[in-house]
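Chains as they are written, first to last, in our numbering: chain A, 1 to 249; chain B, 250 to 512.
In case anyone wonders, no lab produced these hints; they're calculated from the structure.
Keep in mind it's a predicted model, so treat the numbers as computed, not measured.
C-beta atoms are modelled at their ideal positions from N, C-alpha and C, and glycine is treated no differently.
Among these hints, one or two may not hold up.
[What the hints assert, rightly or not] The calculated DSSO-like cross-link candidates involving lysine-lysine, where the alpha carbons are at most 30 angstroms apart (straight line), are:
{"no.": "1", "chain 1": "A", "residue 1": "K216", "chain 2": "B", "residue 2": "K461"}
{"no.": "2", "chain 1": "A", "residue 1": "K58", "chain 2": "B", "residue 2": "K461"}
{"no.": "3", "chain 1": "B", "residue 1": "K396", "chain 2": "A", "residue 2": "K139"}
{"no.": "4", "chain 1": "A", "residue 1": "K77", "chain 2": "B", "residue 2": "K396"}
{"no.": "5", "chain 1": "B", "residue 1": "K461", "chain 2": "A", "residue 2": "K77"}
{"no.": "6", "chain 1": "A", "residue 1": "K34", "chain 2": "A", "residue 2": "K140"}
{"no.": "7", "chain 1": "A", "residue 1": "K70", "chain 2": "B", "residue 2": "K396"}
{"no.": "8", "chain 1": "A", "residue 1": "K34", "chain 2": "A", "residue 2": "K213"}
{"no.": "9", "chain 1": "B", "residue 1": "K416", "chain 2": "A", "residue 2": "K139"}
{"no.": "10", "chain 1": "B", "residue 1": "K416", "chain 2": "A", "residue 2": "K70"}
{"no.": "11", "chain 1": "A", "residue 1": "K139", "chain 2": "A", "residue 2": "K213"}
{"no.": "12", "chain 1": "B", "residue 1": "K461", "chain 2": "B", "residue 2": "K416"}
{"no.": "13", "chain 1": "A", "residue 1": "K20", "chain 2": "B", "residue 2": "K416"}
{"no.": "14", "chain 1": "B", "residue 1": "K396", "chain 2": "A", "residue 2": "K116"}
{"no.": "15", "chain 1": "A", "residue 1": "K58", "chain 2": "B", "residue 2": "K396"}
{"no.": "16", "chain 1": "A", "residue 1": "K77", "chain 2": "B", "residue 2": "K416"}
{"no.": "17", "chain 1": "A", "residue 1": "K166", "chain 2": "A", "residue 2": "K77"}
{"no.": "18", "chain 1": "A", "residue 1": "K166", "chain 2": "A", "residue 2": "K20"}
{"no.": "19", "chain 1": "A", "residue 1": "K140", "chain 2": "B", "residue 2": "K416"}
{"no.": "20", "chain 1": "A", "residue 1": "K9", "chain 2": "B", "residue 2": "K461"}
{"no.": "21", "chain 1": "A", "residue 1": "K17", "chain 2": "B", "residue 2": "K461"}
{"no.": "22", "chain 1": "A", "residue 1": "K116", "chain 2": "A", "residue 2": "K166"}
{"no.": "23", "chain 1": "B", "residue 1": "K416", "chain 2": "A", "residue 2": "K58"}
{"no.": "24", "chain 1": "B", "residue 1": "K461", "chain 2": "A", "residue 2": "K140"}
{"no.": "25", "chain 1": "B", "residue 1": "K396", "chain 2": "A", "residue 2": "K140"}
{"no.": "26", "chain 1": "B", "residue 1": "K461", "chain 2": "A", "residue 2": "K116"}
[What the hints assert, rightly or not] To give an idea of the chain A side of the interface with chain B (calculated C-beta under 8 angstroms), a few residues:
{"no.": "27", "residue": "L56"}
{"no.": "28", "residue": "Y57"}
{"no.": "29", "residue": "V64"}
{"no.": "30", "residue": "L67"}
{"no.": "31", "residue": "I71"}
{"no.": "32", "residue": "S72"}
{"no.": "33", "residue": "T83"}
{"no.": "34", "residue": "L84"}
{"no.": "35", "residue": "P85"}
{"no.": "36", "residue": "V86"}
{"no.": "37", "residue": "D90"}
{"no.": "38", "residue": "L94"}
{"no.": "39", "residue": "L98"}
{"no.": "40", "residue": "H114"}
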Amino acid sequence: MIDNDLLVKVSDAGLYKNGKWLVKGVNLNITKGKIVTLIGPNGSGKTTTAKIALGLYKNIEGTVERLTNKISYVPQKVSIDWTLPVRVIDFMVLTHDLQDQEINDALNLTGVEHLKNNNLRELSGGEFQRVLLARAIAKKPDLLVLDEPVQGVDFTGEVELYALIKKISETLQCGILLISHDLHVVMSATDYVVCLNGHVCCSGTPVAVAQNKEYKELFGEKSSQLLSLYEHEHDHVHDSDGNIVKEAK
Amino acid sequence: MFDDFLFRALIAGIGIAIVTGPLGCFVVWRRLSFFGDTLAHSALLGVILSISFDINISLSIFTVSSLVALILLRLQNTTNLAGDALLGLLSHSSLAIGLLVLGFLSFIRFDIMGVLFGDILSVNVNDLIIIWAGGSIILFVLWLIWKPLFASTVNYELAEAEGMNPKRVNAIFTILLAALIAISIKMVGLLLITGMLIIPCAMARNLSNNPKQMVVLSIIGGLFSVFVGLYASFEINTSSGPTIVTVAIILFILSLSRIRKKY
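All chains, please: the whole structure from these sequences, using the hints.
This is the structure we're talking about:
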């Protein structure tokens with residue numbers, strides 16, 4: 001299938017590190033204007049997969065093709081050391097020069113324009129996430145990789161930011177790779193879902209994934225009705241190669 | 250009032266302070282102060298090789314320090330030793346080899362105190378040219394790589410994901426550090442060069458709230474330390490390196506009272 005809108009193509013990718021597969025056999029395509037969401041329990045390889053897609057690992061299995069250089073990344077964790085004095089305004093132009101207007105607009109969109117001259121270390125967790133997101137969208141990327149972008153954001157803010165992410169994907173026509181724990185948001189705002197648990201459990205449209213047997217096993221019956229909280233029990237385990245070893249409970 | 254050698258020392262010190270400010274900030278931000286020490290220790294070997302083979306001292310130090318830096322970058326990828334252990338290993342092996350070679354060359358008259366602590370009397374016009382030309386090149390290269398270097402200092406993976414090459418700029422920065430040590434060893438001495446690098450920056454951090462401000466204040470702090478330190482070393486007849494660094498420490502202590510704890 002030839003796709004002109006293709007931004008990233010990950011083919012059968014995996015990462016073997018310190019004697020085990022962190023993730024294995026991942027296939028995914030990110031295209032313009034679409035949101036691809038990675039879901040899965042802790043340690044299931046979501047962040048690893050995102051970093052593989054970004055090309056941050058050198059020794060991976062499989063192949064990754066990136067067809068754009070305009071990439072923005074919101075890492076799961078950014079810690080700023082005290083010795084490094086950085087204001088929000090310095091952070092906004094970290095990798096890309098921007099006009100004042102562009103900085104203000106982006107900060108305005110995520111609701112933190114008033115923090116422009118504050119030091120990053122003064123911000124609360126939620127405010128910091130909003131700044132990270134603002135920086136990522138300010139440079140108008142073709143590809144946006146968001147690793148749990150709304151962690152620590154209050155509930156109303158969370159809904160707003162997901163609405164913003166959806167809007168960005170439409171207005172900028174950029175592809176988004178999103179890692180999220182909010183299943184209900186994921187299911188309503190996403191075009192394609194990849195459910196990971198060391199390997200790709202299942203993938204497809206949110207509706208198709210919700211009906212998938214492995215997804216139900218991983219997240220519980222209730223979540224397939226898009227109502228449950230993000231809780232699940234492991235009812236299968238993996239061997240060191242990531243293959244499923246069925247275990248009756 | 251100014252003797253000729255004091256004037257030369259002042260010009261040399263100004264040049265060095267302007268370069269150590271920005272470079273020192275990155276050393277502090279990237280937690281590289283022990284790395285600076287390692288490069289400085291390896292400079293002793295450079296000094297000894299320069300005397301034994303009669304080559305330019307700065308060139309010799311630059312070569313040996315760069316080599317040690319590159320060996321370190323290579324070892325970081327090939328061994329599982331922690332960073333500080335690796336630095337200790339390189340630091341002391343280069344120091345030991347340097348002293349060993351010095352032992353073999355006992356017939357050479359050689360002022361080791363000058364190498365360790367700096368000697369303003371020995372700064373000649375040639376050194377001034379090396380300091381100012383070398384310093385200009387170092388600052389120019391730093392200016393070129395500033396953005397990717399700063400971005401990868403804030404967050405390595407973010408910089409790499411967004412199309413920068415942190416590995417390459419890190420290597421370039423390491424070479425710049427080696428070059429700085431090469432041009433400033435005569436003035437400050439190899440035991441104290443790391444102090445000259447980080448103390449004005451530590452002072453600047455207490456007074457600043459953004460990176461550019463911190464760089465500017467480090468340069469000002471360094472210049473002040475050089476002016477006062479040189480004058481004092483001339484008046485009270487002490488080594489230039491320790492005197493300059495002591496002035497910098499006094500500035501740091503004074504800056505503690507202005508510390509902006511909030512940040």
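Going through the hints against the structure:
Of the pairs offered as hints, the one joining A/K216 and B/K461 is violated, with about 53 angstroms between alpha carbons and a cut-off of 30 angstroms exceeded. Annotation: proposed proximity of A/K58 to B/K461 is violated, straight-line Cα distance about 34 angstroms (limit 30 angstroms). Simply put, B/K396 and A/K139 have alpha-carbon atoms about 15 angstroms apart, close enough for the 30 angstroms limit, and the pair holds. Of the supplied pair hints, the one linking A/K77 and B/K396 holds, its CA atoms being roughly 21 angstroms apart against a limit of 30 angstroms.
Restraint check for B/K461 and A/K77: the C-alpha separation of about 25 angstroms stays at or below 30 angstroms, so the hint holds. Among the hinted pairs, A/K34 with A/K140 is consistent with the structure: their alpha-carbon atoms are about 15 angstroms apart, no more than 30 angstroms. For the given pair, A/K70 sits about 16 angstroms from B/K396 by alpha-carbon distance, which is consistent with the 30 angstroms threshold. With a C-alpha separation of about 25 angstroms, the suggested pairing of A/K34 with A/K213 holds against the 30 angstroms cut-off.
A distance of roughly 23 angstroms separates the Cα atoms of B/K416 and A/K139; the hinted pair therefore holds under the 30 angstroms criterion. Restraint check: the Cα-Cα separation between B/K416 and A/K70 comes to about 20 angstroms, which is no more than 30 angstroms; the hinted pair holds. Between A/K139 and A/K213 the CA atoms are separated by roughly 40 angstroms; this puts the pair beyond 30 angstroms, and the hint is violated. With a CA separation close to 23 angstroms, the supplied pair B/K461 and B/K416 stays within the 30 angstroms bound.
For the suggested pair A/K20 and B/K416, the alpha carbons sit about 26 angstroms apart, so the restraint of at most 30 angstroms is met. With a C-alpha separation of about 20 angstroms, the suggested pair B/K396 and A/K116 falls inside the 30 angstroms cut-off, and the hint holds. Distance hint between A/K58 and B/K396 is fulfilled; the C-alpha atoms sit about 23 angstroms from each other, no more than 30 angstroms. Between A/K77 and B/K416, the direct Cα distance comes to roughly 20 angstroms. Compliance with the 30 angstroms bound is thereby established for this hinted pair.
Between the alpha carbons of A/K166 and A/K77 the distance comes to roughly 22 angstroms, so the proposed pair stays at or under 30 angstroms and holds. The straight-line distance between the Cα atoms of A/K166 and A/K20 is roughly 36 angstroms, outside the 30 angstroms bound, and the hint therefore fails. Restraint check: the Cα-Cα separation between A/K140 and B/K416 comes to about 25 angstroms, which is no more than 30 angstroms; the hinted pair holds. Distance hint between A/K9 and B/K461 is unfulfilled; the C-alpha atoms sit about 40 angstroms from each other, more than 30 angstroms.
For the suggested pair A/K17 and B/K461, the alpha carbons sit about 39 angstroms apart, so the restraint of at most 30 angstroms is broken. At roughly 24 angstroms between alpha-carbon atoms, A/K116 and A/K166 fall within 30 angstroms of each other, so this suggested pair holds. A distance of roughly 12 angstroms separates the Cα atoms of B/K416 and A/K58; the hinted pair therefore holds under the 30 angstroms criterion. Between B/K461 and A/K140 the alpha-carbon distance is near 26 angstroms, which keeps this suggested pair within the 30 angstroms criterion.
With a CA separation close to 19 angstroms, the supplied pair B/K396 and A/K140 stays within the 30 angstroms bound. Restraint check for B/K461 and A/K116: the C-alpha separation of about 16 angstroms stays at or below 30 angstroms, so the hint holds. Interface hint status for A/L56: upheld, as the beta-carbon distance to the closest one in chain B is roughly 6 angstroms, under 8 angstroms. Taking 8 angstroms as the C-beta contact cut-off toward chain B, the hint placing A/Y57 at the interface is violated, the least distance being around 10 angstroms.
Because the smallest distance between the Cβ of A/V64 and any Cβ of chain B comes to about 12 angstroms, over 8 angstroms, the interface hint for this residue is violated. A least Cβ separation of about 13 angstroms between A/L67 and chain B goes past the 8 angstroms threshold, and the interface hint is therefore violated. At a threshold of 8 angstroms, the smallest CB-CB gap from A/I71 to chain B is about 6 angstroms, leaving the interface hint in force. For A/S72, the shortest C-beta to C-beta distance to chain B is roughly 6 angstroms, which falls under 8 angstroms, so the interface hint holds.
For A/T83, the interface hint holds, the least distance from its beta-carbon to any beta-carbon of chain B being 5 angstroms, beneath 8 angstroms. Nearest Cβ of chain B to the Cβ of A/L84: about 5 angstroms, under the 8 angstroms cut. The hint holds. The beta carbon of A/P85 is positioned within 8 angstroms of a beta carbon in chain B (closest approach about 5 angstroms), and the interface hint is therefore held. For A/V86, the interface hint holds, the least distance from its beta-carbon to any beta-carbon of chain B being 6 angstroms, beneath 8 angstroms.
Here the hint on A/D90 is kept, as its CB sits about 6 angstroms from the closest CB of chain B, short of 8 angstroms. Satisfaction of the interface hint for A/L94 is found here, the shortest Cβ-Cβ separation to chain B being roughly 5 angstroms, below the 8 angstroms cut-off. Interface restraint check for A/L98: the shortest CB-CB distance to chain B comes to about 12 angstroms, outside 8 angstroms, so the restraint is violated. Below 8 angstroms, beta-carbon pairs count as interface contacts, and A/H114 has none with chain B, the closest being about 17 angstroms; its hint is therefore violated.
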